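Heads up: the protein sequence lines correspond to chains A and B, in order. Numbered according to our numbering, the first sequence terminates at residue 466, and the numbering increases by one at each position without gaps. Numbered according to our numbering, the second sequence terminates at residue 567, and the numbering increases by one at each position without gaps.
Calculated directly from the structure, the hints in this document are not laboratory data. On a predicted model such as this, the values are computed, not experimentally measured, just so you know. For every residue, glycine included, the Cβ atom is placed at its ideal position computed from N, Cα and C. Do not take every clue at face value.
Quick list of simulated restraints, FRET-style, between CB atoms [as the list claims (entries may be wrong)]:
no., chain 1, residue 1, chain 2, residue 2, range
1, B, 499, A, 249, 44 to 50 Å
2, A, 410, B, 507, 18 to 24 Å
3, A, 389, B, 524, 19 to 25 Å
4, A, 264, B, 499, 34 to 40 Å
5, A, 160, B, 477, 51 to 57 Å
6, A, 405, B, 559, 50 to 56 Å
7, A, 378, B, 495, 56 to 62 Å
8, B, 565, A, 159, 53 to 59 Å
9, B, 546, A, 389, 51 to 57 Å
10, B, 507, A, 132, 42 to 48 Å
11, B, 505, A, 466, 42 to 48 Å
Simulated pairs of lysine to aspartate or glutamate, EDC-like, Cα-Cα distance not exceeding 16 Å [what the hints assert, rightly or not]:
no., chain 1, residue 1, chain 2, residue 2
12, B, 565, A, 335
13, A, 351, B, 497
14, A, 441, A, 139
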Amino acid sequence: MIQEYIKRVQSGEDCSEVIAKFFDEAKRIENYNYFTVLTPELAKEQALLVSKRIKAGEFLPLAGLPVTIKDCICVKGVETTAGSDILRGYKPLFNASVVQRLINAGAVIVGKTSQDEFGFGGFGINTGVGFSPAKNPLDPSRVCGGSSSGCGGITRKTSLAHVGIGESTGGSIVNPAAFCGVFGLCPTYGRVSRYGLIDYANSLDKIGSLAKDLGDCASVMSVISGFDEMDETTSTCPVPDYGSFLAKGVKGLRVARIKEAFGEGVDEHIKNKVHSVITNLEKQGASIREVSIPVVAEYAVPVYYLIAMSEASTNLAKFCGMRYGQHAPLKGSFDEYFSAVRTRHFGAEAKRRILLGTFARMAGYRDAYYLKALKIRTLIIEEYKKVFCSSDVLVSPTMPVIPPVFEDVKRLTPLQNYMMDILTVGPNLAGLPHLSVPVNKEWVGVMFTADHYKEELLFQAGGGCG
Amino acid sequence: MVERIASEVEMISEQTLRQVAANSRLVLSDEEVKAFLVQLQEILGFFESIKNVRADVPASFIPVSLSREPADDVARECLSQQEALSNTQSKNGYIKGPKSI
């Protein structure tokens with residue numbers, strides 16, 4: 001979808017008109033709470049620069065494309081808060097590598113999208129103090145999913161060419177993609193640079209894309225993937241032309257249906273929809289078999305939360321009213337000052353995760369919780385690797401339920417909230433690339449998971465979903 | 467299938483929670499302590515299941531193996547002092563903090 005538009009801009013059409021329309025539209029749907037900040041001035045400058053570069057003979061693979069950036073990713077000079085009140089006022093002095101690559105490719109940054117505070121949620125309702133939850137574009141009484149909630153919402157809601165950049169720690173790209181009825185690609189850990197990302201959990205965070213069309217996801221992933229000297233964990237593996245796999249067909253593709261993902265706790269309606277997709281793939285020549293991943297099914301949720309919270313509690317230690325964001329009058333001792341700022345500006349879920357993460361790393365508990373979780377993570381990775389010896393992609397529903405209404409989510413306990421991630425935390429823990437494909441453009445997603453650095457197989461499988 | 471081992475369930479006490487909050491530089495009201503204690507006990511009770519797993523394997527601190535050599539330790543252009551202080555409360559080129567003495 002975006003390729004037609006990009007071609008027109010590359011051929012000389014001024015992108016300023018589409019960019020202006022984007023801001024008009026964003027204003028009209030302001031009450032959906034998709035943005036923490038819009039960037040019309042920056043976009044105007046970038047659009048002008050795109051025209052100049054094209055006139056000078058440059059080829060720009062994302063010429064004039066409006067792109068939104070999840071708020072946890074730094075954009076130079078633009079307030080970047082990761083959805084947290086504690087970072088209000090923080091203006092990064094540099095672009096995240098992913099943002100710089102998008103700009104270099106001719107994209108136009110139109111705004112920062114709303115999210116659960118620091119990514120701490122799966123429904124988009126754990127917003128920071130003073131932020132409002134994003135509403136589902138298909139039914140505003142329901143949630144968008146999370147934590148890339150605003151990204152999922154605007155991607156579905158906008159009528160214009162657009163791709164959203166999201167971030168996933170435990171499922172935060174595919175979850176809102178499924179709930180908003182769009183495509184969401186979370187790459188292999190280290191496939192996309194994290195330089196300039198406000199970390200939630202360093203060993204789990206990945207940056208990816210959400211789009212209305214799978215080809216749009218592919219176009220953007222080809223630009224943002226690859227080695228970055230600013231991020232030691234990025235891979236030097238070559239980046240394939242993902243778009244070339246979309247029409248490859250699924251004949252001979254070995255698809256493994258995850259047995260435990262169709263068990264108790266998953267809505268029958270969702271199982272039926274995902275089964276219809278699997279049947280369709282089989283008709284096109286994919287070979288389907290069933291696999292069991294019991295360690296993932298039983299332990300991925302507690303292991304994920306222990307690792308994520310332990311890493312998060314250390315990452316959030318730097319937010320104390322000194323170097324970034326919120327400050328307060330300088331009263332009392334350092335400890336009293338730090339405590340006052342953190343207590344006032346962190347939301348309830350951030351506090352809960354800091355407490356749990358700090359507890360799990362305390363002397364006497366560290367080996368039993370944090371270190372043990374890291375060892376079971378090894379078992380989980382080994383279990384996936386074994387399955388990939390005889391399968392190309394795994395298939396499951398993305399989410400076990402359709403997007404709930406806000407009132408129902410509010411009634412869930414924190415643990416019940418965490419259990420909603422049961423289908424997405426496995427691939428995230430193992431750093432495996434995964435893709436959510438919307439079924440009939442509704443709010444049900446089918447999720448494909450591939451081995452490390454095999455994103456192209458996801459595009460091949462997704463391309464076969466028609 | 468993973469091997470299971472027996473273990474005892476540990477629960478967080480109010481005293482430990484208050485200590486954890488102090489370590490985390492968070493001040494909790496009595497109401498918050500009451501609410502968090504119930505929630506954390508439920509969550510930690512759920513986490514206990516991992517203690518039953520025998521995992522005589524190395525820990526995975528990251529999910530992929532890194533085979534590259536670390537980057538060379540070479541000085542490069544960095545932020546000016548003014549830029550580095552632009553998001554802070556500062557005075558005379560230094561970050562301002564509470565009195566320490």
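Going through the hints against the structure:
1. B:499 - A:249: 44 to 50 Å: violated (59 Å)
2. A:410 - B:507: 18 to 24 Å: With a Cβ separation near 21 Å, residue 410 (chain A) and residue 507 (chain B) satisfy 18 to 24 Å, so the hint holds.
3. A:389 - B:524: 19 to 25 Å: Holds, at about 21 Å.
4. A:264 - B:499: 34 to 40 Å: holds (35 Å)
5. A:160 - B:477: 51 to 57 Å: Hint holds: Cβ distance 53 Å, inside 51 to 57 Å.
6. A:405 - B:559: 50 to 56 Å: Roughly 53 Å apart at Cβ, these two residues keep to the hinted range, so it holds.
7. A:378 - B:495: 56 to 62 Å: violated (40 Å)
8. B:565 - A:159: 53 to 59 Å: With a Cβ separation near 56 Å, residue 565 (chain B) and residue 159 (chain A) satisfy 53 to 59 Å, so the hint holds.
9. B:546 - A:389: 51 to 57 Å: At roughly 53 Å between Cβ atoms, residue 389 (chain A) and residue 546 (chain B) fall inside 51 to 57 Å, so the hint holds.
10. B:507 - A:132: 42 to 48 Å: At 31 Å between Cβs, range violated.
11. B:505 - A:466: 42 to 48 Å: holds (44 Å)
12. B:565 - A:335: It holds: about 11 Å lies between the C-alpha atoms, which stays within 16 Å.
13. A:351 - B:497: Holds: residue 351 (chain A) and residue 497 (chain B) sit about 14 Å apart, inside 16 Å.
14. A:441 - A:139: The hint holds at about 14 Å.
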